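In our numbering, the protein residues as written are 1 to 386.
Hints are computed from structural coordinates only; laboratory data are not their basis.
Being a predicted model, the structure only gives us computed values, none of them experimental.
A portion of the hints provided could be inaccurate.
[Stated by the list, open to error] Label-pair distances were calculated between CB atoms; the ranges are: (1) Leu90 x Ala112: 27 to 33 Å; (2) Glu321 x Thr142: 44 to 50 Å; (3) Ala246 x Leu14: 56 to 62 Å; (4) Pro378 x Gln353: 24 to 30 Å; (5) Asn143 x Ser307: 36 to 42 Å; (6) Glu113 x Met310: 20 to 26 Å.
Every residue gets a Cβ at the ideal spot worked out from N, C-alpha and C, and that includes glycine.
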Amino acid sequence: MSDTFLVVATLLLLSAGALVVLLPRLWQRVSTPETNADWLRLRQSELIEEAPQLREEAALRLIEEGGVSEPTLAGPRAVYSGPGQLLGVLGLTIGVWLLYWQLGSWEDVQIAEELGRIEQSEPEAVRALIKRITERAEARPTNADYALLLGEYYLSGNEPAEALRYYERLTAAGATAPEILGKAAQAEFLASNRVLSRRARAWAEQALAVDPTQAAALATLGMAAFEAADYRQAIVYWQRLRDLEAPGSPGHEMLGQVIARSRLELGESDEPVVAAPGVVVKVSVPERQSPPEGSVIFILARPEGASAGMPIAVVRTTAVEWPLTVRLDDGSSMAGQRLSDFARVSIEVQISQNGQPGRDNALLWSALESVPVGGDNPVVVQLAVD
Numbered sequence: 001m002s003d004t005f006l007v008v009a010t011l012l013l014l015s016a017g018a019l020v021v022l023l024p025r026l027w028q029r030v031s032t033p034e035t036n037a038d039w040l041r042l043r044q045s046e047l048i049e050e051a052p053q054l055r056e057e058a059a060l061r062l063i064e065e066g067g068v069s070e071p072t073l074a075g076p077r078a079v080y081s082g083p084g085q086l087l088g089v090l091g092l093t094i095g096v097w098l099l100y101w102q103l104g105s106w107e108d109v110q111i112a113e114e115l116g117r118i119e120q121s122e123p124e125a126v127r128a129l130i131k132r133i134t135e136r137a138e139a140r141p142t143n144a145d146y147a148l149l150l151g152e153y154y155l156s157g158n159e160p161a162e163a164l165r166y167y168e169r170l171t172a173a174g175a176t177a178p179e180i181l182g183k184a185a186q187a188e189f190l191a192s193n194r195v196l197s198r199r200a201r202a203w204a205e206q207a208l209a210v211d212p213t214q215a216a217a218l219a220t221l222g223m224a225a226f227e228a229a230d231y232r233q234a235i236v237y238w239q240r241l242r243d244l245e246a247p248g249s250p251g252h253e254m255l256g257q258v259i260a261r262s263r264l265e266l267g268e269s270d271e272p273v274v275a276a277p278g279v280v281v282k283v284s285v286p287e288r289q290s291p292p293e294g295s296v297i298f299i300l301a302r303p304e305g306a307s308a309g310m311p312i313a314v315v316r317t318t319a320v321e322w323p324l325t326v327r328l329d330d331g332s333s334m335a336g337q338r339l340s341d342f343a344r345v346s347i348e349v350q351i352s353q354n355g356q357p358g359r360d361n362a363l364l365w366s367a368l369e370s371v372p373v374g375g376d377n378p379v380v381v382q383l384a385v386d
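Work out the full structure: start from the sequences and follow the hints.
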């Protein structure tokens, strides 16, 4: 890409230089200037059908103004300085290059190429690249890509305070992606000596409201609950996080260990516990109205009779075949809430093609206003076109 740019830029500059040098030599005035005699001939042609007296008056006027002069040659030819023109071409080239260097994307192109080869780069080269990206991010603070890249780099490098600076820049610019909010909450939690602030909690809860499987938000709320000795809630978050890991993977094993430790703090053995009360929802769609492949399904539980507001529990999933059966319980509850604390709830199911919750984004949706929590039989939700 950069080679193509250099070739095209060189050709354009050579063309501009050729115009600066050659055009003044080609575009020259070669016609002679008009004389008094030319004016007299033009005036007499205009008065050819008029009285002879008028033509004589025109001739007399010409004599009074200085007589008939002979045509003069064109003025002296312009003299062009070869060194001066070369200096002009050189100035044009330098000016264009400096303008592009300040306002263009040459540095961005170079950074993108370096990022494409970063896996083969030495640690020193990576640090030099991060320094270039940092300088570029400071020069262009509205560039969200650089801020996100630096935030992830510093967070993974155990520099949460530096990462938080870039995540704050993203959220201040209006970023609402669950991944950004979850990592922003994690960065602030770690940078504050593992104390969860109101802002960090709000970021994490907002991330989970859109994506209940957002790993950084689950990890942050789980760590915060453990630090606050709320081991039961920590288990809830870590169990949800563990379900995202492949069985037998290092992450799955590590989360199993911290869950076991939380149970020991509660005085429980590391045995499977009886499932808390929940709601089993069976979702079906009308015949010949199956949603497009890749559509996202949101199953929400709210307080009984509520049709809007923060849900008690959320499951975000996709369907391979219908009908779809999903269980809502304390493991899918939102931060600070437990589905098992409610006797009855409202259940709403939405199918979204763009991955965003809300009835305005739903292709199909339906709701049940009063559903018992802890019932043995699944509740059936028949979806309909909005």
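Hint by hint, here is what the structure shows:
1. Leu90 x Ala112: 27 to 33 Å: This hint holds: roughly 30 Å between Cβ atoms.
2. Glu321 x Thr142: 44 to 50 Å: 45 Å, holds
3. Ala246 x Leu14: 56 to 62 Å: Roughly 58 Å apart at Cβ, these two residues keep to the hinted range, so it holds.
4. Pro378 x Gln353: 24 to 30 Å: 26 Å, holds
5. Asn143 x Ser307: 36 to 42 Å: 41 Å, holds
6. Glu113 x Met310: 20 to 26 Å: Cβ of Glu113 to Cβ of Met310: about 45 Å, so the range 20 to 26 Å is violated.
Taken one by one, the earlier hints fail for this structure only at number 6.
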